[in-house]
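Visitor: In the working numbering, the protein residues as written are 1 to 493.
Do not rely on the hints blindly, as some may be mistaken.
[What the hints assert, rightly or not] Calculated cross-link-like contacts (lysine-lysine; reagent style DSSO-like; alpha-carbon spacing at most 30 Å):
hint : residue 1 : residue 2
1    : K397      : K305
2    : K76       : K87
3    : K234      : K291
4    : K305      : K291
5    : K95       : K19
6    : K397      : K3
7    : K108      : K95
8    : K76       : K95
9    : K19       : K3
10   : K376      : K397
11   : K76       : K108
12   : K108      : K87
[What the hints assert, rightly or not] The following label-pair restraints were derived from C-beta to C-beta distances:
hint : residue 1 : residue 2 : range
13   : K305      : W428      : 37 to 47 Å
14   : G88       : G471      : 43 to 53 Å
15   : L493      : G300      : 35 to 45 Å
16   : E324      : Y235      : 20 to 30 Å
17   : Y38       : E324      : 32 to 42 Å
18   : K87       : W428      : 46 to 56 Å
Treat the hints as calculated values from the structure; they're not laboratory data. The beta-carbon is built from N, C-alpha and C at its ideal position, and this holds for glycine as well.
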Amino acid sequence: MSKLLTPDEMYEADRATIKAGVPGIDLMEAAGLACAEYIRTLSEPCPVCVVCGPGNNGGDGFVIARLLVEAGWPVKLLLAGDAAMLKGDAGRAAKAWNGEVLPAQADKLDGAVLIVDALFGAGLSRDVDGELADLVTSVNEADAMRVAVDMPSGVDGASGRIRGIAVDADHTITFFRAKPGHYLEPGRSRRGALHVVDIGISDDVLGTIDPRCCLNGPDEFAGFLPVPGAAAHKYSRGSAVMVSGDACNTGAARLAAMSALRVGAGLVTMAAGEPALPVLASHLTAIMLRKADNAGELAGLLGDKRITACGIGPACGVGHDTIEKVLGVLASGCAAVLDADALTSFEGQSELLFEAIGALPDRPVILTPHEGEFAKLFRDLRGPHESKCERAVEAAKASGAVIVLKGADTVIADRDGRSAINASAPAWLATAGSGDVLAGLCLGLLAQGLPAFEAACCAVWLHGDAAGRFGPGLIAEDLPDGIPASLTNLNDL
């Protein structure tokens with residue numbers, strides 16, 4: 001169930017099912033039945049207004065209305081358009097409706113306790129405007145529960161973008177598999193509680209469609225987590241290096257280093273300029289310290305082939321010195337996590353970074369930008385026109401690295417076209433330093449030998465799980481100590 005289908009892929013699932021012998025009207029009837037049954041769990045019979053559009057989503061609405069009436073519910077059906085113009089399965093569903101068909105006007109919503117939004121589905125291809133936009137506004141302003149069929153009308157199913165205006169649903173019922181737009185913002189904030197229902201489409205169609213986007217979760221990475229054996233020692237569990245900022249800016253790197261240690265790296269070393277070493281020594285115990293005043297000394301440290309991964313970026317400063325250190329890290333051949341200043345330093349010089357990554361294409365590299373850093377590094381991909389998944393995948397292909405595009409709907413993407421949308425992160429992760437912890441989790445997992453995509457997926461999931469377990473009041477310092485419980489939870493799943 002973790003696979004997410006774009007509207008085009010869902011169309012292919014429908015088409016393959018119909019080709020296999022299931023009539024389209026049977027799928028529509030099954031969709032309407034599943035929606036009607038779920039609606040009946042939400043409320044005792046009450047006045048319902050079903051708002052239908054001119055396509056198959058509207059056809060689902062006609063089925064829902066008919067089945068609710070048969071169950072004894074009072075239903076008004078509103079249609080945007082002419083019933084005589086409904087074609088195919090939607091036309092057949094409309095003909096089976098014996099009630100009145102009212103024009104889709106705001107005043108017809110009066111008295112409704114529950115509104116079923118069956119105007120547009122996930123495949124909306126244009127902005128909602130004019131009279132339909134006014135209708136959506138009235139639906140949102142009505143004192144009624146709003147239940148969306150497939151996708152809140154106005155939300156793009158592939159990207160989660162709002163096409164002009166969108167219904168603000170309390171519940172959304174979708175079919176077979178969820179869509180990326182159910183989890184990408186701002187669509188996720190508009191769909192309310194999400195319910196995925198079976199309508200008779202076989203899972204076998206996924207093998208033909210080969211969807212490349214999934215919901216991030218343990219199924220994507222649990223099989224890659226190492227389990228230390230009885231003879232394990234600190235170097236067999238991975239040795240990680242974290243590069244610190246100057247003496248006044250060591251906190252971010254300390255958060256990252258502690259997180260790398262907590263997630264299972266056997267040994268973590270902080271590389272820092274000499275003035276920062278006393279500050280670090282006053283805060284760190286289990287993390288080792290090594291002097292690295294410049295890129296040359298850092299390269300010398302990374303010459304120790306027992307070191308398996310290096311992280312750089314959190315509060316390390318923006319400028320030439322950081323560029324030289326990043327290039328040295330990449331030249332060393334160890335796995336790498338580049339975050340924050342390590343990304344911003346390459347603004348206007350992204351090709352220099354990408355060439356250094358591409359020089360050793362089999363070496364794992366993870367980049368962890370937020371939207372601002374992403375825009376500086378990937379100027380051609382900073383617009384809102386594509387989905388966040390598409391932008392992240394294109395960035396991964398351009399850079400040769402796994403991309404963790406952070407946010408409330410963090411997306412992890414690989415250059416092979418895979419992407420995962422994370423939905424485990426609570427809002428209280430929006431606090432200073434939480435991104436440094438995430439970089440450290442990526443580092444610790446890479447150090448243990450996880451492939452970059454799986455390491456990033458696991459790190460993002462653990463990050464959200466630990467935050468969710470702590471709850472409100474979370475600050476970044478709380479996160480590393482929460483990782484053991486999240487790892488235990490992961491192992492128990």
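Visitor: Identify every previously stated hint that the structure contradicts and give their numbers, smallest first.
Guide: 17
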